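Chemist: Below are the chains, spelled out letter by letter.
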Amino acid sequence: MAPLPQTGSSIRKGANMGARDAVVRIDNLVKRYGDLVAVDHLSLSIAPGEVFGLLGPNGSGKTTTINCVLQLLSYDHGDIQLFGEAMRPTSYQLKRRIGVVPQEVAVFDELTVRENVDSFCALYVGDRARRRELVDDAIAFVGLEKFEGFRPKKLSGGLLRRLNIACGIAHRPELIIMDEPTVAVDPQSRESILSGIERLNAEGATVIYTSHYMEEVERLCSRIMIMDHGRSVASGTADELKGMIGTGEKISVEVGRMDEATLERVRSLDHVRTAETDGGMLRVQCASGAHNLADVLGVLGDAGLPYGRVLSEPPTLNDVFLEITGRALRDEA
Amino acid sequence: MLASLRSCVLSLVRDKALLVWALAFPVIMTLIFMGMFSGIGGAYSAVGSTLGVVRDANYDAAVGLDETIQAISGPESSDHVCDVTYYDGAADAKAAASAGDVDAYLTVSGDGMPQLHVTQASVAEGGSLPTSVLSEVLDTYLHTRSAVERVAATRPELLANGRAIEAFTSGAVQTVRLSATKNPPSPDARYYYALLAMAAGMGATAGMESARRLLPTAGPLGARQTLAAVPRWRMLVGALLGAWLCEFVCLLVAALFMWGAAGVPFGDNAPGVVGAIAASSLMACAAGALCGTVPRMETGMISGITCLLSLFTGLYGTASQQLADSIEAAMPVLAHANPLWQTTNCFYALLYYDTPDAFLASCAALLGMALAFIAVASLRMRRTSYDHL
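As you go down the protein sequences, you meet chains A and B in turn.
Per our numbering, the first sequence starts with residue 1, numbered consecutively.
Per our numbering, the second sequence starts with residue 1001, numbered consecutively.
It is possible that some hints are incorrect.
Below, in silico cross-link-like pairs of lysine-lysine (DSSO-like), each with a Cα-Cα straight-line distance of 30 angstroms or less [unchecked claim]:
hint, chain 1, residue 1, chain 2, residue 2
1, B, 1016, A, 154
2, B, 1182, A, 146
3, A, 153, B, 1016
No wet-lab data here; the hints were simulated from the structure.
Just so we're clear, the structure is a prediction, and the values are computed from it rather than from any experiment.
Build the full structure now, drawing on both the sequences and the hints.
Modeler: Laid out in structure tokens, this is it:
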């Protein structure tokens, strides 16, 4: 796919930029459904070239926020600007610069892959010759060349998701909004989709990526906002978010049986926050920034305890979410 | 707009639902009607009637009567009214009438007065003998004969030769065949027209599906199209044109099939027929589009409404036709508010009416309904918020 007109500089800090520079700027957004506050005074700013992640469990307000940005939902309070202009349902020039990949596959069942991509592209690009090029590029981009003549019902779930993406990006939007594009996708297709998003960003597109898969968000996003109950509970780069919490390295050691005295010695080590045994595994959580693997293994060696598998993990975004909200990301809201 | 039209046409053609309702349904029903109505034409065709004539001395003495009878019964006569069988006596003729061999018989009394004897069957409603025409013929004959007799009494020289008498009698009988309608009545045409109207009504599902795909409330596809950089009205018009084009072609093919395979008469105004189909399919698509903007409206509801409205077009048989006629007579506004009645009336007017007034009125009514439906649908389509993505 040829580069997008925008340059692909990776701007990490979007929060402090001016309204004119931001691709997306949301100020104090509030959306209520009766008594339920779906989005609660949310503010954010996304710089050109960013991949901005909205991370949160189901029902946290990610999709509602996106719908408000796209004017598919009215909102009770706040201001939304795209490319420095107020977004309205009739802002067709702005819409021309936006591509949306919805959470559910939204294509015409009766049209072939090529016809589908062309139909959606035609809603933005009138020139037929230009459109032909764009459709070719989009189909090649998602790797569906062999399936051009297939109708959606003949495609697997992963291929359908790729078609869904092709329909959203064919007109070369500057801002691409992807709402959980990898839900119910096999690992191979997921990898293809994620690398595709990386390429789109490298070609200059600004991406808003919503997901409750922390690994994807961590991999793709230059900046992440964690949402819960419609509120922004934390935002920053993945490292910044992890730095916000007290949890650091997580150590797991296969120990078989372990006496209470040895366990207490592990707990008394510097920087160890918790230590527990669980089914023959010793699980140790350390404080942020400290590396205690050698000390833990030293205690086990001094106690004459043989150990098997050893695993040391850095903290994840799930740990961040768990620490901030008291719930895991994949729990129901 | 073109993109919406194109995707709509492709979708509808491949979806099959429209093809089933707007094309396969009327074609299959036409085949069924052809079987059902194969004998109905005979019930409405003119049946030859026979007049018995007692050819005795009194008959021969009645001047000019035989010429008059020949004039209305001769096989080559342009004034042919009935066939004639001659009997020697009144008893034979009466027996033949009783046996049903003749529908009536004619005798001449001693004073030369012709008398028409009719049976109960021949004067009953639906009887085949045109007794009123025969009575008129005999009255005319008596009037002419009386005039000749008066001339003979006062100016006999004027009747000196046989040519003069022939001049009187030759013009005594003249019949003119009149038709109340532009084309001969077709007893089954009304069913086929109502069937076409019903197929048009069923085709409203095409408009419904096309409009619904643009609605953000109807699902992710509608939401995605709502985000397009194209005004909503242009997308609606494109989708509506696509649906209309598909339905129009389907109905046109169905009408051609009716005309070609079942011999359904549509009159001699082919552009009018095409116009009627265009107007009715536009009305149906617009109605469907309006229904499509109603969130809880299901496709089955359109079928139900169409079936109900078809009741008042006379599709379901004689009782249904009588009901439709009574409503039209008692509450014309109600009948005219039925778009399927207007569709049926378009074809009816083309076939039977001398002037295009009724046809144009029905077409205008259909187009008016279509515009009203589109206007309301457009207003409802302005809503762009939804709860899917």
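Chemist: Confirm or reject each hint.
Modeler: Evaluated hints:
1. B:1016 <-> A:154: At roughly 18 angstroms apart (the allowed maximum being 30 angstroms), residue 154 (chain A) and residue 1016 (chain B) satisfy the hint.
2. B:1182 <-> A:146: violated, 62 angstroms
3. A:153 <-> B:1016: holds, 16 angstroms
The structure fails hint 2 only (numbered hints given earlier).
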